[in-house]
Amino acid sequence: MDKSENNKGATNSSEKNAILKQRALALAVPKEKAQTESQSIQVLVFTLGTERYGVQSETVREVCPMRQVTRVPCVPPFVIGIINIRGKIFSILDIKRLLNLPESRSQNQEKVIIIGFEDIELGILADDVCGVQQISVSDIQQDVPTIRGLTNKYLLGITSDRLTILNVAIFLSDQSIIVDETV
Amino acid sequence: MDNKEDEFLTRLKNTFKIEADEHVQTISSGLLELEKNPGLQEKGQILETIYREAHSLKGAARAVSLRDVEKVCQAIETVLSMLKKDEIQPEPLTVEALMDSIEGVAAMISSNEPIPTGELLQRLSKISSSPKGNHYELEVVVDSAQSNETSTEEREINKTKTPVSVPEPFEGQSPKPLQQDSLNVSAHSQAESRAHSLVSAQHNEPRRAVQSETIRIKTSKLDALLYQVEEMVSIKMASNQRASDLRKLKSSLDSQKKQWLKIYPEVRMLRNLVESEEARATFGPSRSYLMKMIDFLESNEITIKGMEARLKNINVMAENDSRQAASMVNDLLDDMKNVLMLPSSTLLEIFPRLVRDLARDQAKKIKLTVEGGNTEIDRRILEDMKDPLIHLVRNSIDHGIEQPSLRTQVGKTQEGSLTISISQVSAKKVEIVVADDGAGIDIQKVKQAALMKSLVTEQELKSLDPKETTSLIFRSEISTSPIITDLSGRGLGLAIVREKVEKLGGMVTVESNLGIGTVFRIQLPVTLATFRGTLVQVGNELFVVPTSNVIRVARVKRDSIGTVENRDTITMNGRILPLVRLADILDIQTDPMMDKRSEFVTVLILGASGQTIAFSVNAILNEQEVLVKSLGRQLSRVRNVSAGTVLGSGQVALILNVSDLIRSAMLISGTGLITHMEKPEDIERCKSILVVEDSITSRMLLKNILESAGFEVKTAVDGIDAWSVLETANFDLVVSDVEMPRMDGFELTAKIRSQENLKNLPVVIVTSLESREDRERGIDVGANAYIVKSGFEQNNLLSVVKRLV
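Taken in order, these protein sequences are the chains called A and B. If you read the first sequence in the numbering used here, its first letter stands for residue -13, the second for the next number, and so on. If you read the second sequence in the numbering used here, its first letter stands for residue 327, the second for the next number, and so on.
Derived from the structure by calculation, the hints contain no laboratory data. Treat each hint with caution, since some may be false.
What the hints assert, rightly or not - Going by beta-carbon spacing under 10 Å, a handful of chain A positions derived as facing chain B:
#, residue
1, Q54
2, P62
3, V65
4, I163
Stated by the list, open to error - From the structure, some residues in chain A lie toward chain B, with a derived Cβ separation under 7 Å:
#, residue
5, I71
6, R72
7, S77
Just so you know, even glycine gets a beta-carbon here, dropped at the ideal spot from N, CA and C.
Sequences are here, hints too, so could you generate the full structure?
Next comes the structure, spelled out in structure tokens:
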């Protein structure tokens, strides 16, 4: 795509082209595990601290950079606040806290992933979003005895390359994340 | 494949359910009309409509292969077609059978499970197969016709008595009287002619399906559209902002120009000076620098002139754009709101059925008049008004309208009348009136109850007019039982009605005449959309307070704040008001030094549900239009917060719930805040009880029960809250719920037992958990009593409590 631009830098354009070609070839190699649609699921991969997590793509409504958040008083600490996306207000949850992960600040611009299931939609805060990945169903291991607590409650499975896939349907159906309090 | 087909069928069934609901609703409303003995023409129309609906329902049921539904519909259709052909008459038993059948159909559809239809089918076929059934039931018919006649007569008297002025139904449409049509031919003409003149407009739109050009759109799609249109409001505001920025830029350029004009003669003189011959000698080489500078200044002026012209152009264009955008966005928003409006009949159509059932359950005779189904109101308002209206109607039937025998005794008609009417009072406002001709509200009893709860003093009572006194029933603390009847729940229910109405930006009032009737009037905005909000700053955060709740804003001198029982108070118009820091209620950290520095405190005096409290804030910024936005399902209900809004800057701010704030303030400073000033000191300390309960309804209920038994009651919302209250005050007993957020009742009990100074404090656990394990666990952790809510009676609780304290 950028060939013409590269050619302008006349001196070592052939060198650059070679590198670009190499890269293109590397990217073009089909992933060994990419499977046909019926046996795989599509997952949006993101990071929390040093670990990688995933949610099924069809539950993801939108991904956007974290923006100015308005704090909400009188809510549990896992609610970071609310943001406005195109006129609609979404609450943002601290998924690290919900999964009992250590607190850490991201170096990069944090991302908000808006997930939805049935009539509930909300944002979770990710340190970074890596992209979408096809994952073979056979590669997902469902019972991992060492994972306990909340992660286990919301766990869909873990892949061989240590990607933890969360079950958005269970997470969003969990009544304990709903704030419904009267004075 | 199978999977896909199943999925399709499920989807189809869901669609069918929605459709079927509408058919069922129309059919049962039609049947109800039929029950009222309409005139011949009306009857024909009604039958035509429900016949058509039953037919469509049958077809739809066949499409999703619900054979049972289809069969019942078929039988209903047969009966209806006979009714249409006048082969049989719509006698009560026939209508009843049809009603039950359609109810059965509804049940089958909603439960998705086969329900035995044999009995229904039998009843229907009996009607359709034996036209003789007519004569068989003739006696009954005559009876009902006679009672109908008398009641019509009585209604005449009644009508003149009713304190409700019933507004004329929708203009432009002559009210269609649904006359009382007697079945008995002899009574027919007489009753009809009378009914004609008396009973104007019942349901003024008899089920004539309005067949206009409409399409069905998912509400979620409409909502998404509305969000986008609402978002355009911020574009409008931004564009306005840009235009005014440009205006400022231009005016600063103007002032620069003035300065230039002032200095220009000097520049000219300087140029002449520098250009003159003698200057060569005086300035030497620096003369050329000066020349350059003067040249630059002059060329600068030319540039600025050009820029000014362009700026002026842009400015004009920006203002035009902004004006245009504003009017387009406003129009778009108005149109969008119109799209979201529904005729209020969608809300009203549930009532004929509800009233009929309630009246039957209580053996009361009630004639319901529903008016103004054409008035269009925002869908969201209609949805939110459903519960409050049901509550008011229930109240009228439960407490208002008397038993037929009693009514006769006091000279009223046997049949009570209940009117629900919706009318447009102005372009932006509608009024809903719920009126009955029942017993009314006994002001004396309201006064007594208010005095007993120390909500008002004797003196204050004297200054209240009867209407204001009646309005006391909206206060949640008013114990319900002493008012009007022995059925409790009224006080709290009305408080909720008021809260809901106020949340929608409306107001509710009540008028009542003892023995004559009660009228509730609810004024509501037609659309939700915008309302006026006051922007306040607490700490570094911005909040919006609905201006309708702001009684006044003030700056008070810090040293004028007095304390009563260690609580801050201020004096406003000779009244002592409690003063609470809004930051404390919202758990916002503020710099205490900052607070102390200023000589004045900014105070917002808020009122809701008849209570008034002053809140101190850091600053009150301005008042502006705000657009209410839901916080979403995850934040279903947040304490003290009602919704969100997007400010002109694009920043999201929270709209505070004033009723909650006031309740929170009361919790922080204990109950009876306003009145403890005037309250005479109790000489003998009464026993105090802490009620720990997360549900507000149960909490108020427990509080009411215990307070009316003479205990002093404080409340806490969960275990943690209770614990902090226990640390600051002494109690004689704790009544606690089990299931609560943060810390449950068992944990709380265990914690109380583990504390040296509290270990002997009696604890009563009140719960809906009725398992043996829980009971045992209650005893294990050291509770003194365990009362299950399902078997929870006032006396039981009181006797347990009295035994323990």
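Checked hints:
Hint status for Q54/A: holds, given a least beta-carbon distance of 6 Å to chain B, under 10 Å. This hint holds: P62/A has a C-beta 9 Å from the nearest C-beta of chain B, less than the 10 Å allowed. The closest approach between the C-beta of V65/A and any C-beta of chain B is roughly 7 Å, which is under the 10 Å cut-off, so the hint is satisfied. Interface restraint check: I163/A against chain B, minimum CB-CB distance 6 Å, threshold 10 Å, status holds.
Of the supplied interface hints, the one on I71/A is violated, with its beta-carbon coming no nearer than about 9 Å to a beta-carbon of chain B, more than 7 Å. A least Cβ separation of about 6 Å between R72/A and chain B falls short of the 7 Å threshold, and the interface hint therefore holds. Evaluation of the S77/A hint against chain B yields a held restraint, the C-beta minimum of about 5 Å falling below 7 Å.
Violated hint: 5 only; the structure is consistent with all others.
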